[in-house]
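Peer 1: If you're matching them up, the sequences are chains A and B in order. Here the numbering used here is used: the first residue of the first sequence is 1, the next is one more, and so on. Here the numbering used here is used: the first residue of the second sequence is 1, the next is one more, and so on.
Certain hints may be false.
[What the hints assert, rightly or not] Straight-line alpha carbon distances no greater than 27 Å define the calculated BS3-like cross-link-like pairs of lysine-lysine that follow:
| id | chain 1 | residue 1 | chain 2 | residue 2 |
| --- | --- | --- | --- | --- |
| 1 | B | K16 | B | K242 |
| 2 | A | K151 | A | K136 |
| 3 | A | K194 | A | K156 |
| 4 | A | K26 | A | K371 |
| 5 | A | K62 | B | K197 |
| 6 | B | K197 | B | K423 |
| 7 | A | K223 | A | K356 |
| 8 | A | K169 | A | K156 |
| 9 | A | K371 | A | K235 |
| 10 | B | K436 | B | K197 |
| 11 | A | K62 | B | K242 |
| 12 | A | K166 | A | K151 |
| 13 | B | K432 | A | K24 |
| 14 | A | K363 | A | K24 |
| 15 | A | K235 | A | K223 |
| 16 | A | K62 | B | K423 |
| 17 | B | K432 | A | K62 |
| 18 | A | K62 | B | K436 |
To be clear, the hints were calculated from the coordinates, so they are not data collected in a lab.
Letter by letter, the chains look like this.
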Amino acid sequence: MAGFVPDWSLERRGAIDQRRHLEKIKEALRDRLGDLVSDESIIASDGKRVVKVPIRSLEQYKFRFHPWQGDRVGQDHGQHQPGDVLGHVPDGQRGAGPGRGQQPGDVPGVDYLEAEVTWEDIAGLLFSELGLPYLKPKPLSNTPEPTWIFKDIRPKGLMGNLDKRKSLKENLLRNARAGRPRVGRWREQDLRFKTWIDEPQPQDHAVVIAMRDISGSMGDFKKLMARTFAFWMLKFLRTQYQAVEVVFLVHHTQAREVSEEEFFQLGESGGTKVSSVYQLCDEIIHSRYPPERWNIYPIHFSDGDNWSDADNRRTVELLQAMLPLVNVFGYGEIREGGYTSTLMSAFSRVQHPRFKMVTITQKQDVYPALKTFFPRQGG
Amino acid sequence: MNKRYPTDDELWQLAKDWGLDPYPVVFESVPASVLYQYAAYLIPGRMSHWTYGKAYHAMKTRYDYGLNKLYEMVINSNPAYAFLLDTNSELENTFVRCHVMGHVDFFRHNHLFQHTMPDVVDVVAQHAERVRQYEFDVGRETVERFLDAVLAIEEHVSPPSPVTPARAPGQARPASRTASFADWDWSPRDLPARQVKPETEEADDLLLFLMTESRQLEDWQRDIIGMVRDEMIYLWPQIRTKIMNEGWASYWHVTLMRTLALSDDDYVDFARLHSQVTAPSPYQVNPYALGYAIFSDLERREGRDAIFLARTVDDDVSFVRNYLTESVARDLNFFVYGRDQDQIVVKSRQWESVRHQLINELVHGGIPVIHVNDGDFNQRGELYLIHRHEGLDLDIPYAERTLHYVQQIWGRPVHLETRLEGKRLVLSYDGKVDSKVAL
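Full structure from sequences and hints, please.
Peer 2: Here it is as structure tokens:
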């Protein structure tokens with residue numbers, strides 16, 4: 001009997017190598033996060049759909065024959081006659097596995113491995129690389145997470161909470177008052193108990209002020225990028241932090257606060273006056289989110305196409321006024337060409353560790369932008 | 001009432017009485033996770049690699065969803081090991097054990113199996129242990145990366161014929177080359193025009209050539225190539241006799257089962273099992289059905305001695321070429337199909353075209369033949385491979401990626417000459433850049 005184990009549960013190699021394969025899928029997905037993050041079908045699915053992601057790095061390449069060349073032998077029930085069409089070669093002969101279109105299911109095709117992922121899988125990988133920089137615990141009561149602390153000493157209480165030191169002291173004092181400076185003759189009245197009170201715990205209270213340019217110059221691509229970024233940002237914040245509030249602001253020449261749905265859907269026309277939204281942001285911080293109690297993360301997306309240099313200067317002034325108040329101020333400029341906007345050049349003179357700028361010119365830039373605004377070891 | 005199924009020994013003896021001559025068989029009843037693991041690795045206890053895990057996952061998932069069921073798995077060794085699914089009914093197990101007798105007789109007597117390792121399970125267990133040790137020595141990722149490359153070209157071994165034995169198991173690992181590429185003089189010289197050697201000087205075993213001739217490999221790497229090669233040489237006869245082997249086993253499960261005194265219910269179940277394994281599969285050939293039909297037809301026409309002779313001396317190619325008859329091809333409803341523009345159409349129901357096409361698919365196990373033409377091409381230590389084109393072009397994107405693996409093992413630039421749409425073409429990879437040149 002050549003080394004067979006009677007306890008079959010000890011045969012683990014298949015499971016171990018299977019896990020290694022799954023690990024490799026995960027590694028491959030991690031390498032492709034940049035693409036996946038900006039994949040519209042994933043965002044649109046919102047966790048309800050499984051998205052198939054081709055993973056070329058895990059294909060098992062070998063010398064093999066051209067899959068669509070040469071004839072093969074098949075078997076039926078005698079029903080087909082020469083000339084009968086069984087199916088179609090997929091477009092371009094590549095990229096489509098069996099089963100697509102009208103092609104017969106078992107005709108050999110070009111197979112590549114497809115990992116089935118939901119946005120949650122991607123989120124798991126993505127969020128392990130993100131964090132809220134400069135986050136500090138700040139006391140506040142708006143979402144109190146009740147906790148309790150022992151804070152008081154009382155003559156009545158649970159025996160389990162007996163404070164021996166305090167009780168001993170009471171006993172000593174009472175005996176000393178009676179002229180016997182030593183411990184002795186315990187009475188009920190000597191006993192002291194620890195009691196607790198409910199206490200709101202200081203939490204990592206954070207507010208994200210999401211600002212989006214909805215002016216006429218924000219074309220489809222720019223809107224998509226801003227929304228993609230905001231989608232992952234919100235997923236990230238809501239998954240990782242329990243007490244995060246988000247304020248949505250949109251602007252063209254005027255700024256206003258909107259609901260989350262509106263924020264994602266609104267598309268308007270008109271000019272751009274960035275200072276309007278920074279003004280509103282500043283007001284909201286002062287009126288609703290005092291910095292001593294809140295971690296504040298304003299994020300602004302625009303194409304930088306501001307209407308005048310005067311407004312750029314005004315915007316920079318507002319920005320510099322806000323910077324001491326916020327944890328991180330992020331400005332994402334979405335562009336389709338290679339020019340530098342006037343707003344970007346105005347901002348580039350602002351040197352402050354908490355001011356972060358990114359430029360998004362293609363889909364793959366969304367992922368680095370997320371990492372820039374929400375670095376893992378920030379602070 | 002008194003329903004009793006034959007024991008392992010009784011079945012083995014029954015097989016002997018019918019003229020079969022199997023190795024002793026050790027039957028083990030195992031859970032699905034183990035059976036599918038062995039089926040994915042092909043040999044129990046084989047070395048670890050994620051590609052086996054991938055195969056296991058795929059097979060086991062299909063089983064878990066009820067899409068596929070394996071009843072058994074047989075190992076060609078002496079004694080033979082047969083693993084039966086522990087949820088098989090007694091009748092299923094009787095059926096499967098009859099089937100196994102056919103396989104084990106085939107392993108013992110078909111000429112292609114003469115050099116397979118009788119102690120394969122021990123040998124692969126030692127391989128697995130050595131790989132584990134190398135993982136410990138040089139790191140798991142390093143070993144995995146190297147195995148990725150070697151397994152990609154594992155099929156390119158020279159199938160041993162009865163007169164040229166395979167590398168004997170336990171034979172010393174090849175000594176490392178004393179000269180390494182680093183010692184070579186790469187300075188530009190007046191090189192003669194590239195010359196391809198005559199075909200007669202080519203090596204037909206790519207793995208063996210890489211193992212012995214590459215100047216950059218470390219001993220552990222040579223050893224891994226040797227192990228992968230030994231395992232492929234062990235498996236190679238099974239690749240070349242799929243139809244015969246399954247046909248022979250199916251012929252015998254029918255013959256032996258018919259001699260047992262089965263109840264009516266059992267007989268119906270047996271008939272159902274047989275029709276399941278020989279059911280037609282739409283776009284490929286079911287080896288059970290074809291092999292069974294040919295053996296049955298041959299036995300009817302020429303008697304039992306003829307099928308025993310075929311089982312000994314043939315492989316799938318000669319078996320189909322010699323014994324596939326018009327009536328078998330017609331009974332099985334075979335047809336030839338293929339591509340016409342962007343459609344897949346039925347091309348013919350002529351039995352000669354069916355036979356011709358089947359043989360084409362079976363030649364060399366359906367694997368492209370790659371020969372090593374030169375290990376010092378252009379006198380620069382480059383490797384020159386030639387695909388011996390036999391009518392089908394290579395999948396070029398796949399070939400390019402596979403060439404990267406060859407280069408990883410060889411260490412110097414590698415070239416692969418092939419034909420694409422009738423024109424000679426050389427694919428090259430130097431470790432950084434792919435290139436493609438028409439000759």
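Peer 1: Each hint: holds or not?
Peer 2: Status of the hints after comparison with the structure:
Simply put, K16/B and K242/B have alpha-carbon atoms about 23 Å apart, close enough for the 27 Å limit, and the pair holds. Between K151/A and K136/A the alpha-carbon distance is near 25 Å, which keeps this suggested pair within the 27 Å criterion. The straight-line distance between the Cα atoms of K194/A and K156/A is roughly 9 Å, inside the 27 Å bound, and the hint therefore holds. Using a Cα cut-off of 27 Å, the hinted pair K26/A and K371/A holds, with the two alpha carbons roughly 19 Å apart.
Annotation: proposed proximity of K62/A to K197/B holds, straight-line Cα distance about 25 Å (limit 27 Å). With a C-alpha separation of about 19 Å, the suggested pair K197/B and K423/B falls inside the 27 Å cut-off, and the hint holds. A threshold of 27 Å between alpha carbons decides the hint, and for K223/A with K356/A the separation of about 20 Å falls inside it, so the pair holds. Restraint check: the Cα-Cα separation between K169/A and K156/A comes to about 16 Å, which is no more than 27 Å; the hinted pair holds.
Restraint check for K371/A and K235/A: satisfied, since their Cα atoms lie roughly 14 Å apart, inside the 27 Å limit. Annotation: proposed proximity of K436/B to K197/B holds, straight-line Cα distance about 20 Å (limit 27 Å). Between the alpha carbons of K62/A and K242/B the distance comes to roughly 21 Å, so the proposed pair stays at or under 27 Å and holds. About 13 Å separates the Cα atoms of K166/A and K151/A, which keeps this hinted pair within 27 Å; it holds.
A hinted pair counts as satisfied when its Cα atoms are at most 27 Å apart, and K432/B with K24/A qualifies at roughly 24 Å. The straight-line distance between the Cα atoms of K363/A and K24/A is roughly 25 Å, inside the 27 Å bound, and the hint therefore holds. For the suggested pair K235/A and K223/A, the alpha carbons sit about 18 Å apart, so the restraint of at most 27 Å is met. Distance check on the hinted pair: K62/A and K423/B sit about 22 Å apart at the alpha-carbon level, within 27 Å; holds.
With a CA separation close to 19 Å, the supplied pair K432/B and K62/A stays within the 27 Å bound. Restraint check for K62/A and K436/B: the C-alpha separation of about 18 Å stays at or below 27 Å, so the hint holds.
Checked against the numbered hints above, the structure breaks none of them.
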